[in-house]
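Enquirer: Listed below are the residues making up each chain.
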Amino acid sequence: MDQILQLSYALDTFYFLMTGALVMWMAAGFAMLEAGLVRSKNTTEILAKNFGLFAIACIMYMLVGYNIMYPAEAINEYWPGFSFLIGGDHATAAVIAGGDDAPYYSGMSDFFFQVVFVATAMSVVSGAVAERMKLMTFFAFAVVFTGFIYPMQGFWKWGGGFLDALGFLDFAGSGVVHMAGASAALAGVILLGARKGKYGPNGESRAILGANLPMATLGTFILWLGWFGFNGGSELKISNVEEANAVAMVFVNTLMAAAGGVIGALILAKIKFGKADLTMMLNGALAGLVAITADPLHPTALEATLIGLVGGAIVVVAILVLDHKFKIDDPVGAISVHGVVGIFGLIAVTFTNPDATIVAQLTGIGVIFAWVFGTSFIVWSILKAVMGIRISEEEEFEGADQSECGMEAYPEFAK
Amino acid sequence: MDQILQLSYALDTFYFLMTGALVMWMAAGFAMLEAGLVRSKNTTEILAKNFGLFAIACIMYMLVGYNIMYPAEAINEYWPGFSFLIGGDHATAAVIAGGDDAPYYSGMSDFFFQVVFVATAMSVVSGAVAERMKLMTFFAFAVVFTGFIYPMQGFWKWGGGFLDALGFLDFAGSGVVHMAGASAALAGVILLGARKGKYGPNGESRAILGANLPMATLGTFILWLGWFGFNGGSELKISNVEEANAVAMVFVNTLMAAAGGVIGALILAKIKFGKADLTMMLNGALAGLVAITADPLHPTALEATLIGLVGGAIVVVAILVLDHKFKIDDPVGAISVHGVVGIFGLIAVTFTNPDATIVAQLTGIGVIFAWVFGTSFIVWSILKAVMGIRISEEEEFEGADQSECGMEAYPEFAK
Amino acid sequence: MDQILQLSYALDTFYFLMTGALVMWMAAGFAMLEAGLVRSKNTTEILAKNFGLFAIACIMYMLVGYNIMYPAEAINEYWPGFSFLIGGDHATAAVIAGGDDAPYYSGMSDFFFQVVFVATAMSVVSGAVAERMKLMTFFAFAVVFTGFIYPMQGFWKWGGGFLDALGFLDFAGSGVVHMAGASAALAGVILLGARKGKYGPNGESRAILGANLPMATLGTFILWLGWFGFNGGSELKISNVEEANAVAMVFVNTLMAAAGGVIGALILAKIKFGKADLTMMLNGALAGLVAITADPLHPTALEATLIGLVGGAIVVVAILVLDHKFKIDDPVGAISVHGVVGIFGLIAVTFTNPDATIVAQLTGIGVIFAWVFGTSFIVWSILKAVMGIRISEEEEFEGADQSECGMEAYPEFAK
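Chains as they are written, first to last, in my numbering: chain W, 1 to 415; chain V, 1 to 415; chain A, 1 to 415.
Note that the list lumps identical chains together, so a pair holds whenever it fits in one copy or between two copies.
EDC-like cross-link-like pairs, simulated, lysine to aspartate or glutamate; straight-line CA separation at most 16 Å:
| # | residue 1 | residue 2 |
| --- | --- | --- |
| 1 | Lys275 | Glu395 |
| 2 | Lys196 | Glu396 |
| 3 | Lys275 | Glu408 |
| 4 | Lys196 | Asp323 |
It is worth saying that the hints were derived from the structure and are not from the lab.
Model the full assembly from the supplied sequences, consistent with the hints where possible.
Expert: Right, here's the structure in full:
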């Protein structure tokens, strides 16, 4: 191969590895965000959940998920067929990017970039089911979700399946990653029920305060940083002028949408509560990020800011409606942030990308939701029957930390 | 464009995006540092301040600031004229680096790198006014500072204005970013006054302890890491041997100056207090970083260490003098770190860079301080008259968290 | 130099700087991990320890260490001779990578990458001696370790000394960095003795709980992220297809080994304690990382997972055996993670790398341990005689924070 192609290969591979490392870092972001937003008695458990799910996601995706999502040869556009294991042959395999022959990048760097995405999707789930789910049941679900449920719908879009064929657009995964995670979470939360004490005798919702807001803020900053990798790496190539411009645009729009989300949530919360609600500001940033993820390339910086701003406003409403109206107890607001705003993001693609159609976007939303919610509901139900899904009332009162992990997160501080 | 130029364009763009991402990460560093150094009752509020200012900085700089600081065509070297909005045309615009024609890099990557700098300058302010300022007043100031005050003086130096013309040297912003932030902070602190209880009946200064030193330490480590992007990216180009050597030198000197700063502060604090004062060590590292920022390229690694060491010693003295002598209540020492040491750094350029003159450096210091302090004082004064600048005495006693954000940072822990 | 070589030089330099920055970030990881695993009364001190050692490591390695480890001209393969200072001539020096002439990369980027490794080795020590060692004694030891003890054995392997000549393989430092750090720690712990109250009157081991598990989890995530730089950068070059593939393989194996380590520790802890022990999961991840560090290039992703899994299981056993059987009081399990698993990693090289011999690996292990443990024991002993090594019983009861740093880490929270 000539030297220029070699350099281009090296640069694209390095770009994948660095953006992938940023996405890996999002696992820490979810862990800190969720640890900050639960009570201290359930903190060790949610840390263990986040830490363990990341390991499970890596292993399951290596064993089966990657080959389902990106099959060497698919049976048809609905069914990838199965082959196992990222093996020795992948170590020197090159991936052809785009339709042309060159440049390539390392197959292993592609795996690295993809594997951290499945972990992200799974991280969405952990927050929603916090403070009451059995840890081992969660891990068992993670095995199925990361090894099978996620890769199947991922194949339908990014692996060249039927959602891609019908023109559904989802640049970096507002649907494939975030809404998918939220759909699995919703199924779990419905089967699990609300935390003890969350709803009063007359059905009124009670605020349950997070124990450590600096942690939650740190987690959100981590996610914001990691998202530059999440969206920025999803351009998949940087080694020429056009691609470099595209990646830069994606970075800027990712930044601006998050900024817009903060302001959208801040303004709405200020109007509604009269205060600058920090947790809403954090969720606003994440909402802006989720909203722009479906298309961070086509909007101008101003449009990206506005998409984020609307996303940030939506998430405030969604959190209140899901909690107060639907009595869906989602301790960290994950279903609103990643699900409701994910849907908005997918629809918003039609505002700025002339190739998008509302029919294709709604089809994609419907298919992903139906598949992930449906299969997740079945898996959670089986796990409920086999292992149990919820810790006992007494354990919940004492805290999941003791029952699941046998140790307190802050043994010297908590009341 | 030929393939080699394309690759060079891609590499420089990627370099900008990665170093810019590191600078964005500094926002988290400031947030954690300040959250760790205030009392628990004011922690949510300072987190909201840091989180919100970052969003405001991004939006204002996108709307007006960037075009003021780097105008397509300036009216003269004092007055950039105004054009608005980073728009669609920037998405494919290439920036010409240096005097020659090639290589270029993406215009959007340049915006990305520059926008995180204005957020850094604004972050300097938030710590100094902690624990007593009204949050919305702070946000209003942030709008003016990031949209107008900062970009004007930025134009004078980096946008090709008169400070650049007269030979003022400031590689990555000891003056344009750090001292500018500190000058705005000083104006605010003077108008705001000290925290209740900070000075005793006889004017003696009382220590008010930070609630969470691991957070503060984490924040400092984040800033240290982010500074590699701050200084390292400010070389603006990496794609040939000479530039790559320069960037590597900047990374090393940034590392060494921070290390020197830690040791300088450690030794002086040990002599003065007999103990290894952790907060002084943290401020020492930051002082070393601020000091080297004016010129991280010309010193040898040893000289960078010594510049950092002196910076670290200066900051210990400055913090004590500002607090005890001048009764300037700066809860995190931001004015000392970024202002006093920023001035030292600008002067230190003359030690190692033969192109620097003390007259030009002092002129730059004077102009930036006069402009930023002056305009900030006016803006803070207007805000004081219109919105009020300080929370009520009762609110201050209860903590800004309740009055400004309506939620505690650590509801289960704090006494 | 032709343009392609220039670009290749720039890319490799940038790769070094970014991976080096990730390794620098590991310093924050160690600080947070250790701060989370000690009691709140000793938290400020361990933060100061970690912060200070990083500064000392940078300065000592710049002054003497780098030139010992990578001498311009060694006297023989045992003795590098001494030259001082990373000076002005390094700023433009190019390093020749591999046997061929091209490509080069910046000499300063090489220093940057290497200096953060010595800080990593020193960070291993700080956790093991936590909660009872005098801070200034620790700093004095750090001077000798980072300036002399570490660089000498580093020269023997990576600087072209006799361990390299006899075929000892250690890709990124399971031995040279991790086991070396653990060996110095072991010498210190033996001279220091256990914390008061750690062992009961009948010699039974008592659990002493860490004060802040979210911090410890964050620290482990930071280390995991930083390790991509640690191992990924140790390929030393990325600018052609073969090297890019190798770096990508290293990233993937580093990820998978950590994932395997989590699962190995989780399963064993679940079997032994009936709970998902979070601190064991954290140590499991680190064990997986240490285990793969000796050769993250040759294993397949599945083999890397299994090596990590075994490492994760070993660390659970090692921690219990060292604590209960040998009464070695290592508050964070550093000797087990970095020492015991480091040895396993060095031996595991023979499983997948046909060039490895068990004799060479055991020789390397023996030499590094003998050198580092021996010299460290002597230095700790001298320091014990001269400065004292342990804080007084009363100071230990009150906490090292007061005696060493004069300030509490959490003045508002701790009981």
